[in-house]
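Trainee: UniProt numbering puts the first residue of the sequence shown at 1, with every later residue one more than the last.
Rather than coming from a laboratory, the hints here were simulated on the basis of the structure. Given the structure is predicted, the values throughout are model-derived calculations rather than measurements. Hints are supplied without guarantee of correctness; some may be wrong.
In the SDA-like style, the derived pairs of lysine to any residue whose C-alpha atoms are separated by at most 25 Å in a straight line are [said to hold, decoys possible]: (1) 59 <-> 150; (2) 120 <-> 293; (3) 118 <-> 190; (4) 59 <-> 118.
Ranges of calculated distance between the beta carbons of each label pair, as one might list FRET restraints [as the list claims (entries may be wrong)]: (5) 68 <-> 160: 20 to 30 Å; (6) 271 <-> 12: 38 to 48 Å; (7) 16 <-> 134: 23 to 33 Å.
No residue lacks a Cβ here, since even glycine has one placed at the ideal position from N, Cα and C.
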Amino acid sequence: MSTTNTKALGYTTMLISATLMGCVGLFARHINTSGDVIAFTRFTVGAIGTLAIILASGKLIYLRGTRLSPAIICGGVSLGLCLAAYVSSTQHTTLANAVFLIYTGPLFSSILAAIFLKEKVDKITGCLLFLVFIGTLMILGLINYDAATGFTMSLSFKAENMLGDMLGLVSGFGYGLYLFLSRYRTDVSSEIRSFYNFLFGGLGIAVYLILNPPSLAMMDGSSWLWLIAMAFFTGFAALGLLAVAARHLKAAELACVAYFECAVGAGIGILVFGESMTAFQAFGGAMIIIGGVGQVVASTVVDHFSKLRQPTPVPETVRHTH
């Protein structure tokens, strides 16, 4: 597969994954249980669905033959840690702080990839990544603007919120570590990698559930249906596609499109739940879309011109005539 086609596959799967992840709020508002139970169900359904695909495609032999490495194990555990820590963070600090800290993850992954994988972040990607990050802070209301007061930030780091802020930082680092580790072992197929991501992520959350048992007393038939549907779309499908995208995109490229999740979530809030959005927040959403689309276009253009600059190979018959 050519580099251009590989990039196209990576961006397509990442865009679909981010869109599905942005629908988490749509499902979660119909489920009467805690976020850690939701996260565990997402991983469990994801593992079962991915295993079914592996069995149906006759790839069980590859699953058995795949050598587990720290990158594969820690990748799944870090994703489970991310979701569990985020749930706890929202209980001990402000929602604004928790959301901000988990969305530092893509930035962490870009920095780690630049240091350890020597993935260069070109100026265009760097600028677009900064653009979508600022746009995310704007659409989430973490950065506000008012004609009377000017620019303000709703983040407030206080001593009484220290535990929650630290857990939020752990969730962001876990998210970034997962994106970073997904760049290792690209020799492993997407289905195999997804299965192990789900398996070890689920095991990580299972430990958390044992230490902090959840309550299912409020779960009715409707909640269970929404939970299973959410696990399929935002677990099996979204995280499975993320594993595909991670094989074909650099960490910074992944990050630029990952923030599209925020724009989708905000759009669903307006269209489905009648939530309001200020013009300043809408401008932030536009920045996210422009940054994500700009990264896709810029990457495609760069790959196209790089291909044109490559020397045309001389046919064997021509070389022998000289």
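Trainee: 38 to 48 Å was suggested as the range; check whether the CB atoms of residue 271 and residue 12 agree with it.
Mentor: violated, 24 Å
Trainee: Look at the Cβ atoms of residue 16 and residue 134 and judge whether their distance stays inside 23 to 33 Å.
Mentor: holds, 24 Å
Trainee: Does the Cβ pair residue 68, residue 160 satisfy 20 to 30 Å?
Mentor: With Cβ atoms ~42 Å apart, the hint is violated.
Trainee: Does residue 118 sit within 25 Å of residue 59, going by the straight-line distance between their CA atoms?
Mentor: violated, 32 Å
Trainee: Would you check the hint for residue 118 and residue 190, treating anything up to 25 Å between C-alpha atoms as holding?
Mentor: Judged against 25 Å, a Cα distance of about 23 Å means the pair holds.
Trainee: Within a Cα-Cα threshold of 25 Å, do residue 59 and residue 150 meet the stated pairing?
Mentor: violated, 58 Å
Trainee: Holds or violated: are the alpha carbons of residue 120 and residue 293 at most 25 Å from each other?
Mentor: holds, 20 Å
Hints 1, 4, 5 and 6 from the earlier list are contradicted by this structure; the remaining hints agree with it.
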